[in-house]
Amino acid sequence: MTGADRPILELDEVSAAYGPYRALFGVSFSVGRGTVVALLGPNGAGKSTVARVASGLVPASSGSVRVDGRDVAGEPAWRIARLGLAHVPEGRGVFDSLSVEENLVLSFRRLGGRGQVSASLEQAYERFPLLKERRQDRAGTLSGGQQRLLSLAKVLVAPPKVLLADELSLGLAPGVVDDVYAGLADVRRKGTALVVVEQQVDRALALASSAVVLERGAVVYFGPPSGARAAVEQVVDRRARGRRHPASS
Amino acid sequence: MEQLLGFAVPGVPYGCAYAVFAVGLVLTYQTTGVFNVGYGAQAYVSAFVFAWLVEDHAWPVWAAFVCAVVIVGPGLGLALDRFLFRRIPSSNTTAKIVTGLSLLVGIPALLPVVFGNQNLVGAPSIVFNPDTVYFHLGADVPVNGIYLSAVLLTVVMLVVLVLLLRTTRLGLEMRAAVESPRLLELEGVNARRVTATAWAVCGLMAGLAGVLLAPTEVTVQAQDYVTLMVAAIAAAAIAALRSMPVAAVVAVLIGVVSLTAQGYLPTSSFWYSAALPAFPFLVLVGALLFVPGLRHLDEAKDPLSSVDPPPPPPAARARRREVDRLVRTGFFVLLFAFVASMLTWMPPTWETVMNQGMAYSVVFLSVTLLTGTAGQLSLAQATLAGIAAFTAGQLAHHLGLDFLLGGALGAVAASLVAGLLAIASLRLRGLGLALMTLAAALLFDVAIFPAQAVSGGTGGITLKPGWLPLNLFAPNGHAYFLVVLLVLVLCTGGVALVQRGTVGRFLTAMRGSELGAAGVGVNLPWQRVLAFTLSGALAGMGGALLAIQQTVIAPGEFNYQLSLAFVVIVVTTGVGTVEGAIQAGIGLVVVQQLMQYAPQRLQGLTFVLFALGALAYAAHPEGIVELEKRRWTERAERVLTRRRRAPATPAVTGRP
Ligand SMILES: Nc1ncnc2c1ncn2[C@@H]1O[C@H](COP(=O)(O)OP(=O)(O)OP(=O)(O)O)[C@@H](O)[C@H]1O
Ligand SMILES: [Mg+2]
Numbered sequence: 001m002t003g004a005d006r007p008i009l010e011l012d013e014v015s016a017a018y019g020p021y022r023a024l025f026g027v028s029f030s031v032g033r034g035t036v037v038a039l040l041g042p043n044g045a046g047k048s049t050v051a052r053v054a055s056g057l058v059p060a061s062s063g064s065v066r067v068d069g070r071d072v073a074g075e076p077a078w079r080i081a082r083l084g085l086a087h088v089p090e091g092r093g094v095f096d097s098l099s100v101e102e103n104l105v106l107s108f109r110r111l112g113g114r115g116q117v118s119a120s121l122e123q124a125y126e127r128f129p130l131l132k133e134r135r136q137d138r139a140g141t142l143s144g145g146q147q148r149l150l151s152l153a154k155v156l157v158a159p160p161k162v163l164l165a166d167e168l169s170l171g172l173a174p175g176v177v178d179d180v181y182a183g184l185a186d187v188r189r190k191g192t193a194l195v196v197v198e199q200q201v202d203r204a205l206a207l208a209s210s211a212v213v214l215e216r217g218a219v220v221y222f223g224p225p226s227g228a229r230a231a232v233e234q235v236v237d238r239r240a241r242g243r244r245h246p247a248s249s
Numbered sequence: 001m002e003q004l005l006g007f008a009v010p011g012v013p014y015g016c017a018y019a020v021f022a023v024g025l026v027l028t029y030q031t032t033g034v035f036n037v038g039y040g041a042q043a044y045v046s047a048f049v050f051a052w053l054v055e056d057h058a059w060p061v062w063a064a065f066v067c068a069v070v071i072v073g074p075g076l077g078l079a080l081d082r083f084l085f086r087r088i089p090s091s092n093t094t095a096k097i098v099t100g101l102s103l104l105v106g107i108p109a110l111l112p113v114v115f116g117n118q119n120l121v122g123a124p125s126i127v128f129n130p131d132t133v134y135f136h137l138g139a140d141v142p143v144n145g146i147y148l149s150a151v152l153l154t155v156v157m158l159v160v161l162v163l164l165l166r167t168t169r170l171g172l173e174m175r176a177a178v179e180s181p182r183l184l185e186l187e188g189v190n191a192r193r194v195t196a197t198a199w200a201v202c203g204l205m206a207g208l209a210g211v212l213l214a215p216t217e218v219t220v221q222a223q224d225y226v227t228l229m230v231a232a233i234a235a236a237a238i239a240a241l242r243s244m245p246v247a248a249v250v251a252v253l254i255g256v257v258s259l260t261a262q263g264y265l266p267t268s269s270f271w272y273s274a275a276l277p278a279f280p281f282l283v284l285v286g287a288l289l290f291v292p293g294l295r296h297l298d299e300a301k302d303p304l305s306s307v308d309p310p311p312p313p314p315a316a317r318a319r320r321r322e323v324d325r326l327v328r329t330g331f332f333v334l335l336f337a338f339v340a341s342m343l344t345w346m347p348p349t350w351e352t353v354m355n356q357g358m359a360y361s362v363v364f365l366s367v368t369l370l371t372g373t374a375g376q377l378s379l380a381q382a383t384l385a386g387i388a389a390f391t392a393g394q395l396a397h398h399l400g401l402d403f404l405l406g407g408a409l410g411a412v413a414a415s416l417v418a419g420l421l422a423i424a425s426l427r428l429r430g431l432g433l434a435l436m437t438l439a440a441a442l443l444f445d446v447a448i449f450p451a452q453a454v455s456g457g458t459g460g461i462t463l464k465p466g467w468l469p470l471n472l473f474a475p476n477g478h479a480y481f482l483v484v485l486l487v488l489v490l491c492t493g494g495v496a497l498v499q500r501g502t503v504g505r506f507l508t509a510m511r512g513s514e515l516g517a518a519g520v521g522v523n524l525p526w527q528r529v530l531a532f533t534l535s536g537a538l539a540g541m542g543g544a545l546l547a548i549q550q551t552v553i554a555p556g557e558f559n560y561q562l563s564l565a566f567v568v569i570v571v572t573t574g575v576g577t578v579e580g581a582i583q584a585g586i587g588l589v590v591v592q593q594l595m596q597y598a599p600q601r602l603q604g605l606t607f608v609l610f611a612l613g614a615l616a617y618a619a620h621p622e623g624i625v626e627l628e629k630r631r632w633t634e635r636a637e638r639v640l641t642r643r644r645r646a647p648a649t650p651a652v653t654g655r656p
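Protein sequence lines correspond, in order, to chains A and B. The numbers in this note's numbering rise by one with no breaks, and the one at position 193 of the first sequence is 193. The numbers in this note's numbering rise by one with no breaks, and the one at position 591 of the second sequence is 591.
So here's chain A without its partners, still in its complex pose (with noise of 0.2 angstroms):
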């Protein structure tokens, strides 16, 4: 294989735990370089405990994760994430001690000197003139719709190889939501990778190449997004159905 077709992200037969709380059984799927995989599954499927094991967050107990080819398996999240990966956590993803800009900064200092840094600011600035307005003010007294801009904002500009989004549009007025998506486009048209987890099918099917289904921490679906929404609405079902004989699940 090519280094340049070869996938940015691998799974392969992983398996994670929190403690004694096994949380992932056997899970493979790839991400494709400048593709789109849709992460879907009910509530405790697993969806954020894939993005933290790729990332290094969450040890994997067995398999193997591969970023760009090379195995990760027990390096440190800040070795991943210098290979090119990038994860926008679930909920509150920034400082809430740091000011705006020193969020902003802390990010951009990887990408280069300070000449790079103000530059990237000012990128960030344009695209979100609020971040500008309040950029001395503490992260933490931005409201959660705004943090989430900022998390967005820090990817944007120094777009990554393979982005992974835990529910990046929770808890957004539907008018934002539009422009996170069309923000997530954009750095896909940069070239970077994206998984993304979302609760909103429809707006992450859209967007996807392919699409990945949990459900109770395995993978049912891996394919065409065509197909996910058929294997999102069985399990939904299955749930259902094993809520009403208990004993049969």
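Hints are supplied without guarantee of correctness; some may be wrong.
Said to hold, decoys possible - Each pair of labels, with its calculated beta carbon distance range:
1. A:Glu75 to B:Pro89: 15 to 25 angstroms
2. A:Pro224 to B:Arg635: 46 to 56 angstroms
3. B:Arg169 to A:Ala173: 34 to 44 angstroms
4. B:His296 to A:Gln123: 32 to 42 angstroms
5. B:Gly75 to A:Ser62: 34 to 44 angstroms
6. B:Val160 to A:Pro224: 54 to 64 angstroms
7. A:Ser61 to B:Ala340: 44 to 54 angstroms
8. A:Gln116 to B:Arg635: 53 to 63 angstroms
9. A:Asp5 to B:Ala518: 56 to 66 angstroms
10. B:Thr168 to A:Glu122: 15 to 25 angstroms
11. A:Ser61 to B:Leu282: 48 to 58 angstroms
As the list claims (entries may be wrong) - Coverage of chain A stretches by chain B, computed from C-beta distances (three or more under 8 angstroms per stretch; other residues unrestricted):
12. 49-57
13. 80-87
14. 94-102
What the hints contain is simulated information worked out from the structure, not anything from laboratory work. Glycine included, C-beta positions come from ideal geometry on N, C-alpha and C.
With chain A held as given, fit chain B with the ligands onto it using these hints.
Frame of chain A; chain B with the ligands shown alone:
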């Protein structure tokens, strides 16, 4: 004017010494998230090594400086990170404070064990010659090398650190690592290395401070050392642990104001003897009461904390019924055997030891209730014990009151003081509360306990046999044993009942989340005052019992170090259960007694145990005894399960 200057200028080096430490405290807090009062001890180590190399080994001054400041300082900082603070989850405020304080107490005690006794008086000066008068301020206020080097050091350190923290990449990363190391790692930064660097920088600064201030003799005497620490804490508190320049200015002011006041006040007045030593404490208390920034310390939570698995359940709750029954029977058998042996064959030395252990256990129950159940850290429990002991002593001395009755009244007094303390600190939490109780403890140590009216002066109060109703002092009488046993059983039962009852639920809710508890209608202020009052009463009863055994109640007996030792001992054995307190009390005296048999050279090892305790606590916040108990009950359960159904079923995949 000339006179004012003459009084004020000598305050400058003191103020600068306070400032250097205050800045260090703010620096460590900002870059590591730890309010490390052990900073003073770190400085002391470097100063010590420096003097030791120069005086005993005739090293050239520059070489000793390099070794003490550039190698030992950062090395110690790195070691603290590696072996202690890295293991403490950043949300565990109690563990961080306790560890820092044990360093403060433990390190200076350990140094003479390692290096032999040294004095630092002859420590050479690095920059300016301390004895040379460089110029005069006004007409005749001399300014010597001590003043100059203190001012120079403070200003340079302040400028360098402010620049480091506010303008460099490293400074930014350090502050980010305090909030969330994992989020920082997602930015491609090695957060561990950043934190280690922060500790090394703090260690370097501490070492520099220690060596450069050593010639001013401010760090040499133990008592100066405490004042130094308190003044520094007060200044850092006024700066809300955030602004280094504010901390430095306040610290210098504290130094200048105290020395000016000392100059003007008549030496025989109350103000001179009591108010002056208490001045830094009052500043600290004032800061804690009125600086709004201190009410929101430690509030920034790691957004990625949901990545950690939940902590394991306590042993008692994971237990199965058979195991439970077994443990219970075992307990009563042991208790019976213990009482029987105390009354029959136990040698008097060991009976005394055991009695003392039980009295300690009563005091420790107050820690169990306050820290274990209610989640409030108090560093004044020994002070509360002392209040009861001195009250009983004075009542017996003046009114001829029975000491046991006096002890009960003393416990009431202690609980009142504890309640007042709780009311005064209602708006504080976590670190702020701990500092408030520490300030109270130090205030009693310095200004109240030594007073003639309280402790009868330096000699203390000697108990007279007539004050006791039963023949408690008789060599072969067991009356004291029975009294202590009765009190211990009643207190243990009482605390267990409180823990299980409604109040216990409220307190547990408060420990879990103050906001959440308030949300479901728990009256937080009232619960907190109640918890403090009850624990004050327990500490008081224990204190009175300890006093009976010691027969002399000396003013230095119930100092802040003892409070600190109490907390460390209880949290290492297990702060969650009443058994933990009893194990701590008995364990403490047994270890102490065994140390008596150890060779003289090893006496300092008590402090090593102390440090090991802090270390164990850092790794296992539930306590070592609790940890072992869980392991054993799990083992016992496994055996029982295997016996019940022969083919062991594989563990079902855990789903929370
Ligand atoms: N810190 C933790 N400790 C223990 N178990 C956890 C922890 N975090 C997640 N889990 C468990 O792991 C499983 C997968 O969780 P995960 O957060 O990956 O789900 P998810 O698909 O992201 O759900 P959601 O859509 O609600 O975000 C769940 O059963 C959850 O209970
Ligand atoms: Mg999730």
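So, going through the hints one by one against the coordinates:
1. A:Glu75 to B:Pro89: 15 to 25 angstroms: With a Cβ separation near 23 angstroms, Glu75 (chain A) and Pro89 (chain B) satisfy 15 to 25 angstroms, so the hint holds.
2. A:Pro224 to B:Arg635: 46 to 56 angstroms: With Cβ atoms ~52 angstroms apart, the hint holds.
3. B:Arg169 to A:Ala173: 34 to 44 angstroms: Since the Cβ atoms of Arg169 (chain B) and Ala173 (chain A) sit about 35 angstroms apart, the hinted range of 34 to 44 angstroms holds.
4. B:His296 to A:Gln123: 32 to 42 angstroms: 34 angstroms, holds
5. B:Gly75 to A:Ser62: 34 to 44 angstroms: Since Gly75 (chain B) and Ser62 (chain A) have Cβ atoms about 39 angstroms apart, the given range 34 to 44 angstroms holds.
6. B:Val160 to A:Pro224: 54 to 64 angstroms: 60 angstroms, holds
7. A:Ser61 to B:Ala340: 44 to 54 angstroms: For Ala340 (chain B) against Ser61 (chain A), whose Cβ atoms are near 52 angstroms apart, the range 44 to 54 angstroms holds.
8. A:Gln116 to B:Arg635: 53 to 63 angstroms: 59 angstroms Cβ-Cβ, so the 53 to 63 angstroms window holds.
9. A:Asp5 to B:Ala518: 56 to 66 angstroms: Cβ of Asp5 (chain A) to Cβ of Ala518 (chain B): about 58 angstroms, so the range 56 to 66 angstroms holds.
10. B:Thr168 to A:Glu122: 15 to 25 angstroms: 22 angstroms, holds
11. A:Ser61 to B:Leu282: 48 to 58 angstroms: 56 angstroms, holds
12. 49-57: holds (count 4)
13. 80-87: holds (count 4)
14. 94-102: It holds: at least three residues are needed, and the region 94-102 of chain A offers 6 whose Cβ sits within less than 8 angstroms of chain B.
The structure shown violates none of the earlier numbered hints.
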